[in-house]
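Engineer: Sequence:
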Amino acid sequence: MNEPLVISRPAEAEPAVAAPAAREQGRRRRRGVQAMSRPSRWQIYLPLGLYLVFTLVPFYWMVVFAVRPTGSDSLLPWPITLEHFDTVWNGMGFGLFFQNSLMVGLFSLVTTSVIALAGGYALARFRFRGKQVFMVALLCTQFIPGAMMLIPLFEIFRDLGLVNTIWSLVIAETVFQLPLSLILISGFVKNIPVELEEAAWVDGCSRPRAFFAVLLPLLRPALVAVGSFAFIHSWNNFLFALMFINEQNKFTIPVGLSYTLGEFSVDFGALAAGGVVAAVPVVLVFAVIQRYLVTGLSAGAVKG
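With numbering that gives the first Met the number 0 applied, the sequence shown has no gaps in its numbers, which climb one by one up to 303 at the end.
Treat the hints as calculated values from the structure; they're not laboratory data. Small disclaimer: the values here were computed from a predicted structure and weren't measured. Beta carbons are placed, not taken as given, at the ideal position from N, Cα and C, and that holds for glycine.
Between beta-carbon pairs, the in silico distance windows are:
#1 285 to 45: 22 to 30 Å
#2 246 to 90: 15 to 23 Å
#3 151 to 286: 34 to 42 Å
Whole structure, please, built from the sequences with the hints as guidance.
Structural biologist: In structure tokens:
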């Protein structure tokens, strides 16, 4: 007899318990790696605290020397006096020095921004022979110290009759700031799609009109970064003002500060008050432009 055909039922699959366990193990491993790579709070706040101490303590002492009476050795600025500010502002002519520094800073800001805007746009949008060589030359100029430019610039300004004028400082500051400004503006323009300008051209705009209507509003962060660096560098520069200016009524604040140092003594109160006067505009500029500064530097520094 033929044996009956027996069909065996397939064994039921065991519940998949290994997959959730593997996923949980993977999660634990990832959390462990993240915990190891994530710095703790003290690793963040300790370096920041040390940096603030080294930064703010000298500024605090400068303010204390500026507002406490002469001869006082108190660690706190009390009682507060403004005699040192009156001495430097009215007695030493810091009001005139402040005006001269402000003029040099503003004119340097305008000239550097305008030239860098035109040159940076040309470097980003046009092709011409020797462009790469020119860009490398711009980078190489950043390694040249300002002291090496003093004698050549002095000879040029003497032949042009610009020695002992504010314009010699403006031209020198513009020349010194232009390479970095051109690189920043050029890098920023490269990150703006050229299709925006092409759309304006299709709508009937000329290249200059498209530049001012479309591109210029987008370049605001880069212009703020370039202008702020030009202003602050010209405000703080000492070598150019010392070399090209020899009349006291045309001194800038850095040169004026050097005259608070006597041959055998130092008026620390006047020196500190002058330092506060010199630092306030720089602090205000950074407080106003900090939102645009990071955007302008990060966008203009990328490789185009």
